[in-house]
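Chains B and Y, in that order, give the protein sequences. Be aware that the first sequence starts at 1, since it is given in our numbering, and climbs by one per residue. Be aware that the second sequence starts at 1, since it is given in our numbering, and climbs by one per residue.
Hints were generated in silico from the structure; no laboratory data involved. Do not take every clue at face value.
Copies of the same chain look alike in the list, so a pair counts if it fits in one copy or across any two.
[What the hints assert, rightly or not] Calculated cross-link-like contacts (lysine-lysine; reagent style DSBU-like; alpha-carbon spacing at most 30 angstroms):
| # | residue 1 | residue 2 |
| --- | --- | --- |
| 1 | Lys292 | Lys116 |
| 2 | Lys12 | Lys116 |
| 3 | Lys297 | Lys116 |
If you want the building blocks of each chain, they are given just below.
2 protein chains.
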Amino acid sequence: MNHGFSVLKTDKKSKARRGRLWTPHGYIDTPVFMPVGTQAAVKGVLPDQLVSLGSQIILSNTYHLALRPGSELIQAAGGLHAFMQWDRPILTDSGGYQVFSLQSQRTIDADGVVFKSHLDGSRHRFTPQTVVDHQVRLGSDIMMPLDICTPYGATKAQTAADMAITHRWEADAARYWHTLNTDQLLFGLVQGGMYDDLRQESVAAITQHAFSGFAIGGVSVGEPMADMHRIIETVTPQLPPDKPRYIMGIGLPENLEVAIRSGADMFDCVLPTRLARHGQVFMAGHQRVSLKQARFKLDPEPIQPGCDCYTCMRFSRGYLRHLIHARELSAATLLSIHNLRYLIRLVDTIRNQIG
Amino acid sequence: MNHGFSVLKTDKKSKARRGRLWTPHGYIDTPVFMPVGTQAAVKGVLPDQLVSLGSQIILSNTYHLALRPGSELIQAAGGLHAFMQWDRPILTDSGGYQVFSLQSQRTIDADGVVFKSHLDGSRHRFTPQTVVDHQVRLGSDIMMPLDICTPYGATKAQTAADMAITHRWEADAARYWHTLNTDQLLFGLVQGGMYDDLRQESVAAITQHAFSGFAIGGVSVGEPMADMHRIIETVTPQLPPDKPRYIMGIGLPENLEVAIRSGADMFDCVLPTRLARHGQVFMAGHQRVSLKQARFKLDPEPIQPGCDCYTCMRFSRGYLRHLIHARELSAATLLSIHNLRYLIRLVDTIRNQIG
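Construct the entire structure; sequences and hints are all you get.
Rendered as structure tokens:
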């Protein structure tokens, strides 16, 4: 079986590139948008429906799965793919973001972090090694190392201090991963907040290790869009060109377009399914529109005329509006399918135009 | 196109019969279990999934749809079939049950009932004619007439008084329906509570009209199971043998078996989807079991080994238990699919054994 990453084409007008990344569960064509299944399920969308709407790969979350149902349980069930009945690639986030965004109480030491579960307050410890162990038990195709996700607005001193720990943890993760001789990929990730020189320093530190790919973390954490775009546009081209580049947590169409033009390959975001659960959908021109509005009451059109998704091929805005107001579970499913298909088709279309 | 009802086979060992009922949207083979889509959607289950699990016909509700989104809106959308994208037959309940069970405030007069909406407290009036009009606008295949559903425990005097009004309303509905010259069927329904002589009186009154079929209302309203079975077993055989017989609101396997043996043909119940939303499933031997239990944590088996439903063909009890505890929307969908398939397969199996 093939492994590794190949850049198949580079764009004439931008830094965009078309690539193929091999994983233990087959290849993905990049650029690629990854739907998020935090708790071993994409909210409201079944695996068959994900295949139908063109998902090549999904993301799940080490933090959530380690706490519930536990990575040992999932390993005993045959791994995450068998457990959730998804046989295409899975990327698992490390849990760093969750430990530092969902937790008010945590204690960082040189070797890891102790935190309280958001579910029951129980104490847990993550280290660079245990986070890899969790992901080995899950059997994800692409693993992420433990990091500190510094909040937006942190001082430069705080950001630098967090970054130094992240660099140490990632070096530990890389070393540990090499001893395991596993097929599972491990990506490195750069931090450095909104500080260009720290970002550059982070790139230099992280790219010393033989990771399978490189991610940019610490964006989409509440910063103004101009800052996000600046970080993506300046940092992405600094990452090794022969490895996949993953921008974590972005899913707005305009952000995906900026990232792809900057040479990024992979993206994930909870936005399409979260918007859907609140009755919001993507319409032509990347508008985000609430279907709850009275103007859709008698509207016989699909969400987006011409859209090839399951929902648009069948249901009218008027019916979907009714489902939302009637609090029917199917509303979340049908709107999620549209929003995911919208982003996946957007990225597919851009990919096909690269050259 | 064929119309009407044919009894194709009668059982040697019981009063059970196998039949075929033609409707404007094709025929249904009876006995048949009808999943309930109260608000123009079966909770958590899409039309394609209903087809896959073998639903021949679904039930929707005039009361709910008249209040939200309104029968005029659904008519403007091309009728209920087009609105919800279901092209097989639909039976619509009249709303009598809802007016009398969901409403604390209602005023009955000789010609109809005034009630407050459970949604916004607005005042509405249903008469035998307007309830038929709502269903004509919905375009359902089988309509039900307005009735009074007397609560369990009512005195004989109250039950008889309610029944007398119901009989008058049904006569009005039948007369009005005949003037419309519609393809849509209209069933009559008998009331009479737990009183055998009132039930007999109701059968005599209602079967005077040329309804397309006959239903037994006022069961599954909180009475002991022995009373329910007695009413079903004594009243069903009194209904005309050449018309379909519908027992309203029953869905427990043991009740379906009693009803079919008594010569009944059609059944509906919210139970399979409601149980599913609470984490409960049908297992072998008609057990109702909560999948939340710790004993299923590591269970690799499907809900019911050997079951041919979408859920059992793919997912383990352990995974489904995880989805329930993680409050994932897909839990309701997957458990509903199993519970509906369980009842539909049960009725299919009994149907195939009749002879």
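Indicate which option fits the pair Lys297, Lys116 if close means a Cα-Cα distance not exceeding 30 angstroms: within, between, both or neither.
between (46 angstroms within a copy, 23 angstroms between copies)
From the Cα coordinates, with 30 angstroms as the cut-off, is the pair Lys292 and Lys116 best called within, between, both, or neither?
between (38 angstroms within a copy, 24 angstroms between copies)
Between copies, within a copy, both or neither: which fits Lys12 and Lys116 at Cα up to 30 angstroms?
neither (50 angstroms within a copy, 66 angstroms between copies)
This entry does not satisfy hint 2, going by the numbered hints stated previously; all others are met.
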